[in-house]
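Participant: Chains as they are written, first to last, in this note's numbering: chain F, 1 to 71; chain G, 1001 to 1253.
If you are wondering where the hints come from, they were derived from the structure by calculation, not from laboratory data. A few of these clues could be false.
[What the hints assert, rightly or not] Okay, the calculated beta carbon distance ranges per label pair:
1) 8/F x 1089/G: 51 to 57 Å
2) 1011/G x 16/F: 49 to 55 Å
3) 1026/G x 27/F: 25 to 31 Å
4) 13/F x 1251/G: 53 to 59 Å
[What the hints assert, rightly or not] The calculated SDA-like cross-link candidates involving lysine to any residue, where the alpha carbons are at most 20 Å apart (straight line), are:
5) 1094/G x 1082/G
6) 1123/G x 47/F
7) 1094/G x 1243/G
8) 1123/G x 11/F
9) 1123/G x 1058/G
10) 1123/G x 16/F
11) 1123/G x 1/F
12) 1123/G x 17/F
13) 1123/G x 23/F
14) 1123/G x 1190/G
15) 1123/G x 21/F
16) 1094/G x 1083/G
17) 1094/G x 1140/G
18) 1123/G x 1048/G
19) 1094/G x 1153/G
20) 1094/G x 1161/G
21) 1123/G x 1024/G
22) 1123/G x 13/F
23) 1123/G x 58/F
24) 1123/G x 1184/G
25) 1123/G x 20/F
26) 1123/G x 1140/G
27) 1123/G x 49/F
28) 1094/G x 1014/G
29) 1123/G x 43/F
30) 1094/G x 1238/G
31) 1094/G x 1020/G
[Stated by the list, open to error] Listed below are several chain F residues computed to face chain G (Cβ distance under 8 Å; list not exhaustive):
32) 1
33) 5
34) 12
35) 13
36) 15
37) 21
38) 23
39) 32
40) 38
Bear in mind that the values here come from a model prediction, so they are computed numbers and not experimental data. Even for Gly, the Cβ is constructed at its ideal location relative to N, Cα and C.
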Amino acid sequence: MSFDSFAEFFAMGGHGFYVWLSYLSTAVVVAFVLVWPLWRRRRFLREQRGRIHRADALGQQTEAEAHASEA
Amino acid sequence: MNYIPEGLRRLWHRMGSPRWFYETTGSWVPWLGVAAALLIGVGTVWGLAYAPPDYLQGNSFRIIYIHVPAAYLAQAGYMLMAVCGVVLLVWRMKLADMVMATVAPIGAAFTFLALVTGAIWGKPTWGTYWIWDARITSVLILLFLYLGIMGLRRAIERPEAAGRACAILAIVGVINIPIIQYSVDWWMTLHQPATFTITEAPAMPASMWIPLLLNVLGFNLLFALSVIQGTRTEVLVRERRTRWVTELCRQER
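Next up, chain F with everything else stripped away, as it sits in the complex (with noise of 0.2 Å):
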């Protein structure tokens, strides 16, 4: 351990401000890589499923029975 108490730990030696406010922005980056791909992945999904429920109740083909039917 290089620091002997918690207030210690926090202060940073007087570097405290701009050692927390780093990690802080990493935090914020770290967060936003994670979960970007999950959100859209998330909104695809429901958008998608939106689709495929219209074209069922309308009895109409899905665009991939379409797709799939016209090859």
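Following the hints, put chain G in place on chain F, whose structure we already have.
Facilitator: Showing chain G alone in chain F's frame:
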């Protein structure tokens, strides 16, 4: 390409299949997450609380444990994007375009982090948040390259044309990477030279550089995790008209 062995060629073709990528990488995600969390957890606690303070900079040097991984990934992400651009242009591999589209915002996020932590570190160390020196300016250009590639993709409507345009811009922009690397040697700068080099032992005690190594490895895994998750989503979006994605949408809750 008859000189390439048959097995390797088949693997290459399978890797080019977005569906194969989606189905193969799903089980990697939890392992990557656990490994990244362990490495970054140990590296960060060690670096913040246990590593000795720097004899010149005191405790502000502890910013190195996030600044170096972020700056490394900013450049590695760009190289990955450029390699994908080559693969797209030469082999027309759709998956390469999907990876390229995913890396851009993630790489931009790490470039932004490298600039922010560098600026914060600069204040107690050099007495200023910002200076227009070669290293910092070339990393700012790297951020603009990432943002430019993201904007270019949005601006072009046809996905194939957008992919090719982004690939060309990514490849041309690679010229900036050696400029970033050698800027600290070529020009007078406040920035210190690299901590890790292949040819020499680090000029700091092991209790200082081991946590840095752990964090560099951990952030690499975090980057891989994010790119894999993002590419999996990109696969679904671009393949939404196929039967397998429709089935997947019906099944997943």
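Participant: Compare the structure with each hint and give your call.
Facilitator: Right, here's what the structure says about each hint:
no.: 1; hint: 8/F x 1089/G: 51 to 57 Å; in the structure: holds (56 Å)
no.: 2; hint: 1011/G x 16/F: 49 to 55 Å; in the structure: holds (52 Å)
no.: 3; hint: 1026/G x 27/F: 25 to 31 Å; in the structure: holds (27 Å)
no.: 4; hint: 13/F x 1251/G: 53 to 59 Å; in the structure: holds (56 Å)
no.: 5; hint: 1094/G x 1082/G; in the structure: holds (15 Å)
no.: 6; hint: 1123/G x 47/F; in the structure: violated (47 Å)
no.: 7; hint: 1094/G x 1243/G; in the structure: holds (18 Å)
no.: 8; hint: 1123/G x 11/F; in the structure: holds (16 Å)
no.: 9; hint: 1123/G x 1058/G; in the structure: holds (13 Å)
no.: 10; hint: 1123/G x 16/F; in the structure: holds (13 Å)
no.: 11; hint: 1123/G x 1/F; in the structure: violated (26 Å)
no.: 12; hint: 1123/G x 17/F; in the structure: holds (11 Å)
no.: 13; hint: 1123/G x 23/F; in the structure: holds (15 Å)
no.: 14; hint: 1123/G x 1190/G; in the structure: holds (12 Å)
no.: 15; hint: 1123/G x 21/F; in the structure: holds (12 Å)
no.: 16; hint: 1094/G x 1083/G; in the structure: holds (13 Å)
no.: 17; hint: 1094/G x 1140/G; in the structure: violated (30 Å)
no.: 18; hint: 1123/G x 1048/G; in the structure: holds (19 Å)
no.: 19; hint: 1094/G x 1153/G; in the structure: holds (15 Å)
no.: 20; hint: 1094/G x 1161/G; in the structure: holds (12 Å)
no.: 21; hint: 1123/G x 1024/G; in the structure: violated (46 Å)
no.: 22; hint: 1123/G x 13/F; in the structure: holds (15 Å)
no.: 23; hint: 1123/G x 58/F; in the structure: violated (63 Å)
no.: 24; hint: 1123/G x 1184/G; in the structure: holds (19 Å)
no.: 25; hint: 1123/G x 20/F; in the structure: holds (14 Å)
no.: 26; hint: 1123/G x 1140/G; in the structure: holds (18 Å)
no.: 27; hint: 1123/G x 49/F; in the structure: violated (51 Å)
no.: 28; hint: 1094/G x 1014/G; in the structure: holds (12 Å)
no.: 29; hint: 1123/G x 43/F; in the structure: violated (41 Å)
no.: 30; hint: 1094/G x 1238/G; in the structure: holds (10 Å)
no.: 31; hint: 1094/G x 1020/G; in the structure: holds (12 Å)
no.: 32; hint: 1; in the structure: holds (6 Å)
no.: 33; hint: 5; in the structure: violated (12 Å)
no.: 34; hint: 12; in the structure: holds (4 Å)
no.: 35; hint: 13; in the structure: holds (4 Å)
no.: 36; hint: 15; in the structure: holds (4 Å)
no.: 37; hint: 21; in the structure: holds (5 Å)
no.: 38; hint: 23; in the structure: holds (7 Å)
no.: 39; hint: 32; in the structure: holds (6 Å)
no.: 40; hint: 38; in the structure: holds (6 Å)
Hint check: violations occur at hints 6, 11, 17, 21, 23, 27, 29, 33; the rest are consistent with the structure.
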